[in-house]
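Two chains, two separate frames, one set of hints: put the complex together.
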Amino acid sequence: MDELLAQFLIESRELVDKAVDDLLALEKTPDDRERLEDAFRAFHTLKGGAGIVEFAAMQEALHCAEDAFAAARAESRSVSALDIGNCLSCLDQVLEWLGTIEQSGAIPPDADAGDIVALFARAGAQRKASSAPRNAGDGWLAGLLAAHASAAQPAQSALRYTPDADSFFRQQDPLARIAALPGLLAVDIGPRVPWPKLDDLDPFSCNLTITALVAMSPAGVAAALGDESRRAEIEAVSDRMRPIEAESLARKAAQILEAQLRLLEPAGEPHQQGRVASAGLVAANVLRHLGRTSESEAIATAAAVSIAEGRLEPLVEAIAAAMKGPTSAAVAGVSAARRKDVGQTMRVGAEKIDALVRLTGELIVAKNSLGHSVKVAEQRGSDLAAGLKNQHAALDRLVSELQRAVVAMRVLPLRAAFQRFPRLIREISAELDKPATLVIDGEDTEADKAIVEAIVEPLVHLLRNALDHGVEDGATRAEAGKPAVATIRLSAAREGEHVVIEVTDDGAGIDVAKIRQAAKDRNLKAAEAIAAMSDEEALDLIFLPGFSTAKTVTHLSGRGVGMDVVRTGVARLGGQVELRTAAGRGTTVRATLPFSVLVTQVMTVEAGGQVFGIPLDAVVETLRVEHDRIFPVGAAHAIVLRDRTIPLLRLANVLTGRPNDHVDESGPIVIAELDGQLGAVQVDRIGGRMDIILKPLDGLLAGVPGLAGSALLGDGGVLLVLDLAEVVQ
Amino acid sequence: MTVRVSEGGAIELSGRCGVEDAEVLQRHLLAAPGSTIEWKGCELLHAAVVQVLLVGGARVRGEPRTAFLRDHIAPIIARSMKQP
Chain A
1 MDELLAQFLI
11 ESRELVDKAV
21 DDLLALEKTP
31 DDRERLEDAF
41 RAFHTLKGGA
51 GIVEFAAMQE
61 ALHCAEDAFA
71 AARAESRSVS
81 ALDIGNCLSC
91 LDQVLEWLGT
101 IEQSGAIPPD
111 ADAGDIVALF
121 ARAGAQRKAS
131 SAPRNAGDGW
141 LAGLLAAHAS
151 AAQPAQSALR
161 YTPDADSFFR
171 QQDPLARIAA
181 LPGLLAVDIG
191 PRVPWPKLDD
201 LDPFSCNLTI
211 TALVAMSPAG
221 VAAALGDESR
231 RAEIEAVSDR
241 MRPIEAESLA
251 RKAAQILEAQ
261 LRLLEPAGEP
271 HQQGRVASAG
281 LVAANVLRHL
291 GRTSESEAIA
301 TAAAVSIAEG
311 RLEPLVEAIA
321 AAMKGPTSAA
331 VAGVSAARRK
341 DVGQTMRVGA
351 EKIDALVRLT
361 GELIVAKNSL
371 GHSVKVAEQR
381 GSDLAAGLKN
391 QHAALDRLVS
401 ELQRAVVAMR
411 VLPLRAAFQR
421 FPRLIREISA
431 ELDKPATLVI
441 DGEDTEADKA
451 IVEAIVEPLV
461 HLLRNALDHG
471 VEDGATRAEA
481 GKPAVATIRL
491 SAAREGEHVV
501 IEVTDDGAGI
511 DVAKIRQAAK
521 DRNLKAAEAI
531 AAMSDEEALD
541 LIFLPGFSTA
551 KTVTHLSGRG
561 VGMDVVRTGV
571 ARLGGQVELR
581 TAAGRGTTVR
591 ATLPFSVLVT
601 QVMTVEAGGQ
611 VFGIPLDAVV
621 ETLRVEHDRI
631 FPVGAAHAIV
641 LRDRTIPLLR
651 LANVLTGRPN
661 DHVDESGPIV
671 IAELDGQLGA
681 VQVDRIGGRM
691 DIILKPLDGL
701 LAGVPGLAGS
711 ALLGDGGVLL
721 VLDLAEVVQ
Chain B
1001 MTVRVSEGGA
1011 IELSGRCGVE
1021 DAEVLQRHLL
1031 AAPGSTIEWK
1041 GCELLHAAVV
1051 QVLLVGGARV
1061 RGEPRTAFLR
1071 DHIAPIIARS
1081 MKQP
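Chains as they are written, first to last, in our numbering: chain A, 1 to 729; chain B, 1001 to 1084.
Same shape as in the complex, but just chain B (with noise of 0.2 Å):
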């Protein structure tokens, strides 16, 4: 599973995220939205995933895995992420 719900209430994101784990991501922000999302396993986002994450304004929490995700991705989220 790369995506999933943990016990905690998180979005937890890990390992490679491919296109169809996008609309799983778009449900679980949809059913609990302003869930802070956990993607300290995460490897790879694909470009649908890194969409939903922006429109969603979803708040993210770890260091992902990787330089790209880390020193390019992670600031743009953050960026629009949504004032409460």
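With the rest of the complex left out, here is chain A (with noise of 0.2 Å):
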């Protein structure tokens, strides 16, 4: 591939992710004129690219976005969901030819943009029909919207329903069915003609119009309404029809700081250090409340100087500059910061690090081997002992220095996973009709690459999970009294050497007793064993390969592939998933990931001869029990340790394939955590412990089972590290 459509590729990705992020930004708050000119600006400088590799599709398609945001521009009004909706498949399709380029190194000469145009053409034409006869309307849903300013933020229909005068005669409960409309925000009642006096009223004739807000598209809420949706209207809720509640809360954040603009205008009266005080303070507090973070701290600034040099001026600047909108001094600021970054930054190919990663790895094995040397000369007596030893010490820092740098260097921020979610969860949830919004936390929270990259795909499950299964009906979360638009929270901490990553839902929790008879249906465990398990075990069976518990199979889930994939996914990066959950309240699963993939630290040990290692990371203590504290359990062996039986194997049996039936009396036992259940392992010696460079296993040795790879020791050896959980199942 030529050097310029590489550098177009790269840049493309770039600016594809940035459009997306404006877009679901923009969806929220679809006022944010300076996000709009943000997302118009990337897809301008993406067409300009696609213009500079004469790409004349991609320009086609990408002008078309233009237009529509143009267009939004020239009206003054906020960007429709539609056209977000539209610009999104815009820039799938961008993807997608960005796929191809990157496959076969030319421009596809295939690409069409005919899709495209004709979706942007659809959305002009529909706001050109929708315009006139709504606002031409009774205004009914501008009052109902006035009505229920917050409700409306999350709707997406709106509809007016005035069953007929006899349906109380024919056994129909008007209200009953919208209290079952799934994701029901709001509800108003009036008289379809005037309400009559209480004796003049015939309480069989149905005088009602219902009016009500609705987290569900037009086409749901009919189907929902099913024949009734004759005798209802029923409007889509677009983005501009909404109340704005962030402009009222600017306006009375402005009034606030012009308060406090007033209360330090008479300068040189006493008490003038406490004013200052106050009003930085309130004015800070306003500003953060917004979300204007940097300029509340400028303000929070701006009155220490005041109160330090004893005048008015600095906090009085920094006030009246806030009040001229966030646009003014904090964004100069920002995009002078974002300068700065750039200047800072270099692009580096992805490869390049793996080979620095690769060669800093051999550095490592480089370094075990000199220590092994030194032990070697001190064992002879040798007087070059002393030297080297400290030559290796030195080389042990510097190497150690090395590797902290260079897992620095692969670490990214877990935003470069997380930022596709918000897109997946909102098509998820209008697939299922479930409205939900997703909250993230801690996406600065920083792993490494391998881990930030292989993560994506076990929390595509997760989330997915939460939805489908979490998640319960609206008419469900009506009736427990939930809010209709559900929360998945999705954070992410640093927690020592490990990030852990969280999937939260607010539905209904897991019953157990359900995962029980699920389990038992599918043979996938012995009914007693099944029956004896306590709660916490139970829950555990969703991870077993072939478990589900969805009674249909939807696009989404229910084939029985789920949790195991997380699992699995997860043990791969040397993790461990847990599942909390609360009837009722909702379900977190939480995954415990290492911070680097880089080194691995085992304990080595003896057995049957050879010398093996184990994870670290599995052992949880070493011991020596007495020979009567062994005991036979049929063919097998177990120990009593704090008054908990644990299964006993000897390491040499189980590799040589010998039965299991012989235990040394006094061998070192290592007890190890696997999947939450301790094993005990008994080796013929425990060696020390070292940190290596785990290779996964190839050729001859791949696939062979308990074996989770091998590394290169300081004495040329190799050594093979176990999967202990394979190697006790």
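These are calculated hints, taken from the structure and not from any lab test.
Hints should not be assumed to be uniformly reliable.
Which chain B residues face chain A? A few, computed with CB under 10 Å, are given here [claimed, not checked]: (1) Gly1018; (2) Phe1068; (3) Arg1070.
Calculated Cβ distances over 12 Å to all of chain B for the following chain A residues [said to hold, decoys possible]: (4) Thr29; (5) Gly85; (6) Asn207; (7) Ala254; (8) Gly509; (9) Ser710.
One-sided and incomplete, this derived list gives chain A residues near chain B with beta-carbon spacing under 10 Å [stated by the list, open to error]: (10) Trp140; (11) Pro174; (12) Val187; (13) Leu198; (14) Cys206; (15) Ile210; (16) Ala212.
From the three backbone atoms N, C-alpha and C, an ideal C-beta is built for every residue, glycine too.
What follows is the structure, given as structure tokens:
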């Protein structure tokens, strides 16, 4: 591929990411003009790039999206949800083209923008058709939206339902029909014709007009109403129809800021310091509340300067600057910071970093082998030994630093993985008709590139599961008194050498009885074994391959592949998955992952005359037990440790395939935790701890059960590292 | 009984109030205008019953059992309450 095209690919992908971010943000705050401009710029730059490499179809598709933005700007309205959906489809098409270019090394000659052009053309026509009658209506829609401003934010449809006057006679309950609407947000009831007096009221004649806001598409509402939908007017609620809460908030904030300025006006009066401090505090708090953090900090600093220098000007100027709106001072500061960032970063190909990681790995191996030589020299009493030992110590320190630096270079914020999820949730939520918002915490948490890349697939499964199985349908949520819009939380945090990622839903929680039943139905374990399990253990059944409680196979889940993929995916990265659930309140899945995958700590053990490594993560403790505490259980053995019976295996027997009937009465025992269960493995001798670069097995040894990988030792030998979970099975 | 008058004179709505309760409630309200209505045991109100409550400008007390009644119907009834 020529260099120009390669550069075009890199830049276009970045711009697409940026544009998706902007679009999703715009969807939440449709009146954010600045975001609109940002998105517009991203599309414009993308189009420019397509022009440079002479990719006409991509230019044409992006041009349509640009037009949609331009129209919104010209009519000074916000971009509609429909436009945002179309722009996202346009970016999907662009990504597909970029993928083709990457594979073939050339611009696809058959690329066609026809579909995208048609998409935008339809949206344009629809807008023209719908704008006229809506304004001419009797205003029920505007009234409803205004009366329920906060419910209007997640609303997708509004309906006005006028049941037939004799519907009560026909044993219908119009209100029950409305109550059963999934995603119901707000209801109003009024008379169809003005109310009579109570004694003139015919209680069997329906004189109601019911209006409602629903977090479901108009088509979905019509389907849910069934036959009665012909008695209802159903309107889509578009972004520009929603009352703007943020604006009134900003107005109130402006009033508060103005009041602080007035407070500061009479200069030179006594108690000036107190007034400065309080005005500064109030102004900073107001701005922080609005999310304008940098301005809030600027004001706090200015207040401190004012107090220190005994003059009001710094604070007055800072408040006045903030009142001009978020576009002035803070934004200037941010873009300056951005420019600075650009100057200080270099674009380096991922493969170059990976090469550096490999070389560092080799260097660690070489350092370990030098350590071996030092030991040999010491044993032989060589006079070089002392000098060598010092050199080795220095090299050890330098290599450790290099290793840290390389690890840091491969570190990415989890945002790289998380940024695609708001869109995913948006799509799944629409598909299942379960309104949901995704709250992301700690996306700045960093982790090794390999972890960030590989965690995406397990997280996709978790998020789908949360929405498909965790979150209840609209009627059940309403019944339980939960908000119609479900919240799914995705959070990440660094805990020591680990990165913890959690997915939490506010759904129904997991019914352990159902889990037991499903495991029984699918013959995943013997019925007695399932019955004997504690709730915690039964909950863990969810991670078995082939497990699924979904009654129907949906596009999303229900095929019995799900949680086992999550557990194996996370385990492959050296991590663990746990699950917590509370009936009626929701479920949390917690994945604990190593921060770096470069170095694995192992403990060496000897068994059957050979040395093996055991990942230190799995080891709980090592001990020797008296022979009278080892007792036979059937054909196998077990030990009792702190009142728990733990199955005992002799590693030499397992590895040579001999029956496990003989255990050494005094051999050391390694207690390991495997998927939450304790297991005991008896070895012949326990060696030391060591940092190794674990390499997956290939060639003849690939696929040998019980082996996690291999590592090169200091003396040139190869250390086989055991996968204890497989060994025990 | 889903509609009954308590010893204190309040009208009590409980359980699932169906279409047939509308007329009963209307009679009670006409007999004692301005009665307080206790609906804390109420699980469902048929639209016809809600209609009587709205026309009668009834004053309701307590918290009904379902989220729909509590979150959506209670505010509507509160708005319709006649000023004394």
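The hints, checked one at a time:
Because the beta carbon of Gly1018(B) sits about 8 Å from the nearest beta carbon in chain A, less than 10 Å, this interface hint is met. Of the supplied interface hints, the one on Phe1068(B) holds, with its beta-carbon coming within about 4 Å of a beta-carbon of chain A, less than 10 Å. For Arg1070(B), the shortest C-beta to C-beta distance to chain A is roughly 7 Å, which falls under 10 Å, so the interface hint holds. Distance to chain B confirms Thr29(A) as a non-interface residue, since its nearest Cβ pair spans about 26 Å, more than 12 Å.
At roughly 30 Å from the closest C-beta of chain B, the C-beta of Gly85(A) stays outside 12 Å, upholding its exclusion from the interface. Against chain B, the non-interface label of Asn207(A) is violated: not every CB pair exceeds 12 Å, the least being about 7 Å. For Ala254(A), the non-interface assignment is confirmed: its Cβ lies about 31 Å from the closest Cβ of chain B, beyond the 12 Å cut-off. With a least CB separation of 18 Å from chain B, Gly509(A) remains clear of the 12 Å interface cut-off, as annotated.
For Ser710(A), the requirement that its beta carbon stay farther than 12 Å from each beta carbon of chain B is met, with the minimum near 59 Å. For Trp140(A), the shortest C-beta to C-beta distance to chain B is roughly 15 Å, which exceeds 10 Å, and the interface hint is violated. With its C-beta approaching chain B no nearer than about 5 Å, Pro174(A) sits inside the 10 Å limit, and its interface hint holds. Annotation: Val187(A) was flagged as interfacial toward chain B, and the flag holds, the nearest CB pair being 4 Å apart, inside 10 Å.
Interface hint status for Leu198(A): upheld, as the beta-carbon distance to the closest one in chain B is roughly 5 Å, under 10 Å. Among the interface hints, the one on Cys206(A) holds; its C-beta lies about 7 Å from the nearest C-beta in chain B, closer than the 10 Å criterion. With a cut of 10 Å, the hint placing Ile210(A) at the interface with chain B holds, because the nearest CB-to-CB distance is about 8 Å. Proximity of Ala212(A) to chain B holds as hinted, the smallest CB-CB distance being about 9 Å (cut-off 10 Å).
Hint violations for this structure: numbers 6 and 10, all remaining hints satisfied.
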